[in-house]
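Whenever a hint applies, use it, and build me the whole structure from the sequences.
As they're listed, the protein sequences go chains A and B. Under the numbering used here, the residues of the first sequence are numbered 33 to 383, in order. Under the numbering used here, the residues of the second sequence are numbered 33 to 383, in order.
Heads up, some of the hints might be wrong.
A pair counts as met if it fits within one copy or between any two copies, since identical chains are not told apart.
[As the list claims (entries may be wrong)] Keeping only pairs whose Cα atoms sit at most 25 Å apart, straight-line, the calculated DSS-like set for lysine-lysine is:
| no. | residue 1 | residue 2 |
| --- | --- | --- |
| 1 | K210 | K229 |
| 2 | K58 | K170 |
| 3 | K210 | K222 |
If you're looking for bench data, these hints aren't it; they were derived computationally from the structure.
2 protein chains.
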Amino acid sequence: MRIDRLGEAGLIRLIQRTVRSRGRVKVGIGDDACVLRGGTVITTDAYAEGVHFSLTYMSWRQVGQRCACAAVSDIVAMAGQPEVVLVSLAIPPSADSQSVKQLYSGVEDVCAEMRCEVAGGDVIATDRLVLALAVTGKAEHPKLRSGARSGDRVYVTGSVGAAEAGRIVLAEQSRVQKSECRRHSAGRRKAVPMWAKGLVERHLRPVPRLQVVRALAPGIHGLIDTSDGLATDARHLCVMSRVRIVLDAERIPVSPATARLCTEQGLDPMRFALASGEDYELLFTSRRPLPERVNGVDVACIGAVQTGSGLFLSHCGHVESVRLSGYDHLSGGVHSGALLGDKYVDKSADK
Amino acid sequence: MRIDRLGEAGLIRLIQRTVRSRGRVKVGIGDDACVLRGGTVITTDAYAEGVHFSLTYMSWRQVGQRCACAAVSDIVAMAGQPEVVLVSLAIPPSADSQSVKQLYSGVEDVCAEMRCEVAGGDVIATDRLVLALAVTGKAEHPKLRSGARSGDRVYVTGSVGAAEAGRIVLAEQSRVQKSECRRHSAGRRKAVPMWAKGLVERHLRPVPRLQVVRALAPGIHGLIDTSDGLATDARHLCVMSRVRIVLDAERIPVSPATARLCTEQGLDPMRFALASGEDYELLFTSRRPLPERVNGVDVACIGAVQTGSGLFLSHCGHVESVRLSGYDHLSGGVHSGALLGDKYVDKSADK
Chain A
33 MRIDRLGEAG
43 LIRLIQRTVR
53 SRGRVKVGIG
63 DDACVLRGGT
73 VITTDAYAEG
83 VHFSLTYMSW
93 RQVGQRCACA
103 AVSDIVAMAG
113 QPEVVLVSLA
123 IPPSADSQSV
133 KQLYSGVEDV
143 CAEMRCEVAG
153 GDVIATDRLV
163 LALAVTGKAE
173 HPKLRSGARS
183 GDRVYVTGSV
193 GAAEAGRIVL
203 AEQSRVQKSE
213 CRRHSAGRRK
223 AVPMWAKGLV
233 ERHLRPVPRL
243 QVVRALAPGI
253 HGLIDTSDGL
263 ATDARHLCVM
273 SRVRIVLDAE
283 RIPVSPATAR
293 LCTEQGLDPM
303 RFALASGEDY
313 ELLFTSRRPL
323 PERVNGVDVA
333 CIGAVQTGSG
343 LFLSHCGHVE
353 SVRLSGYDHL
363 SGGVHSGALL
373 GDKYVDKSAD
383 K
Chain B
33 MRIDRLGEAG
43 LIRLIQRTVR
53 SRGRVKVGIG
63 DDACVLRGGT
73 VITTDAYAEG
83 VHFSLTYMSW
93 RQVGQRCACA
103 AVSDIVAMAG
113 QPEVVLVSLA
123 IPPSADSQSV
133 KQLYSGVEDV
143 CAEMRCEVAG
153 GDVIATDRLV
163 LALAVTGKAE
173 HPKLRSGARS
183 GDRVYVTGSV
193 GAAEAGRIVL
203 AEQSRVQKSE
213 CRRHSAGRRK
223 AVPMWAKGLV
233 ERHLRPVPRL
243 QVVRALAPGI
253 HGLIDTSDGL
263 ATDARHLCVM
273 SRVRIVLDAE
283 RIPVSPATAR
293 LCTEQGLDPM
303 RFALASGEDY
313 ELLFTSRRPL
323 PERVNGVDVA
333 CIGAVQTGSG
343 LFLSHCGHVE
353 SVRLSGYDHL
363 SGGVHSGALL
373 GDKYVDKSAD
383 K
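Right, here's the structure in full:
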């Protein structure tokens with residue numbers, strides 16, 4: 033079977049069946065990162081040009097920042113302190129060395145903020161730019177996707193859908209600019225409109241919420257980052273913790289800017305928020321009531337964990353089953369926009 | 033400047049200037065792997081189809097084996113015990129899931145032999161097959177490239193140039209087969225000739241010499257694996273240890289099969305041995321005289337470490353400076369064959 037038909041989950045199961053444990057790992061394939069005996073947490077993530085980032089509207093430094101944020105996020109999503117980053121770079125041999133320097137500067141920016149460091153890596157020559165980042169960290173008490181308990185509240189940091197909204201703004205600008213360039217002899221780089229700056233920032237630099245994890249870790253039960261979209265990631269918590277989660281549609285934090293982008297694009301903000309990935313916010317459960325702001329970051333209570341299974345959305349008194357998923361790295365479209373069909377909220381399953 | 037002009041060493045210096053240490057690392061950029069405080073060793077390596085391996089004459093399982101051997105070798109080359117392997121896979125979405133399974137089976141084969149395990153990874157869809165493997169290990173007393181001391185003997189395991197000879201045999205077979213296919217309606221896969229089987233095995237499955245490191249580690253001073261070619265890797269020892277190394281041409285172990293391949297191809301076996309990479313043998317220095325066989329692996333004394341600097345080759349009483357290098361991942365040709373010019377042994381520097 034083609035792997036895009038098998039999908040990410042199917043492929044992970046196939047890999048799990050192929051490899052064997054030899055007692056070196058406490059938490060292996062299936063969480064944000066793997067935990068070794070001794071509390072070292074380690075993760076690896078790959079990013080390809082044209083799939084995970086675009087050099088048409090991102091600088092090399094921004095590519096470095098974005099990829100580093102995304103990779104480090106997996107360590108933070110285990111309640112770990114990031115320690116070192118290793119960068120594997122597959123790059124066209126014609127690339128300029130200053131571009132490589134800028135890319136590493138971007139990774140370094142994020143390392144400075146996260147108090148970790150670039151400790152090595154590898155550069156090979158290919159025709160297509162691919163980065164693979166390995167990150168290690170320390171987590172004495174790692175928080176897992178399987179930690180959610182019935183009776184917990186569900187929380188999310190920041191706002192949902194902002195990164196994808198930012199990507200759409202940038203892609204749209206780049207498209208308009210290209211067509212203007214074709215019409216006139218030269219085009220000027222258009223500035224991002226003021227209202228969209230926060231969105232673009234979250235797409236380009238989705239800095240992991242380490243300060244929230246540091247403050248709240250002892251009270252956190254289940255934890256994941258929102259890399260694949262709120263619906264998919266909440267479902268991961270459901271499956272791994274064997275619980276039912278009911279999200280409250282009215283409380284999912286969608287920023288006014290994201291709502292404006294949705295209006296302009298004719299998109300439903302709630303669907304957009306459920307399906308859009310790569311915010312790298314923290315989605316977690318805790319028994320405790322938490323303040324609305326923790327170390328300068330918004331924390332919203334958006335639902336409840338119950339006994340049972342599956343992901344549900346409560347909306348104006350109705351509770352609907354959320355069947356689908358945001359983003360599948362293999363079978364899905366490249367961006368969540370492709371997934372905003374009717375099918376992902378199955379209204380017939382009303383309960 | 034284009035990175036292929038800057039070269040690998042120049043790029044490493046540029047990266048070193050760009051990133052900052054934050055005290056998390058004992059040994060950072062510039063050795064086979066980096067060493068964290070606490071004795072964890074970690075490395076990452078990327079491999080691209082058409083550059084580091086070829087699916088025209090390798091099965092997916094062989095690709096997994098070869099890449100895993102190469103990545104794990106960096107841990108062994110620090111005198112570390114490999115622990116976990118993380119696989120980042122960039123793969124065309126049309127790939128068959130059985131191919132992915134075979135690739136992971138190949139990685140698993142090597143893990144079983146090295147007593148480590150696949151602990152996670154990442155799969156993304158791209159148009160070009162690229163693997164990035166991160167490997168961790170434990171090394172209480174890591175052996176570094178900088179450990180060679182004047183007065184040491186220089187040793188190498190196995191035989192030199194075998195992997196590249198094996199690659200040439202396979203590539204040649206694949207070429208002949210293609211042209212036969214064009215002439216007749218169908219071609220049969222030609223068997224590797226008996227004399228070349230060992231060469232092909234070393235290209236496809238360059239299993240790291242963990243059993244030698246285990247036996248000899250306390251007496252080893254400087255240590256590196258021969259991934260870039262004997263000349264380049266010996267030079268790394270010279271530079272990092274600030275010593276002069278004189279290799280004895282008569283004692284460099286070139287197998288009869290490699291010599292036969294060189295004769296058939298019209299190549300000078302000594303030049304071939306110095307320039308050919310990817311044997312993943314151990315090149316190390318020790319004060320002690322060592323047996324010629326350790327745990328079933330040949331160990332040859334091939335030279336001496338002296339005060340001074342630079343790499344030299346002693347040959348029939350002459351001592352020549354070896355100016356060049358085997359393989360540069362950015363500026364060099366893909367294979368050492370491209371480097372077998374006259375320039376890499378500078379005879380004018382006779383001393």
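Which of the stated hints cannot be reconciled with the structure, identified by number in ascending sequence? none
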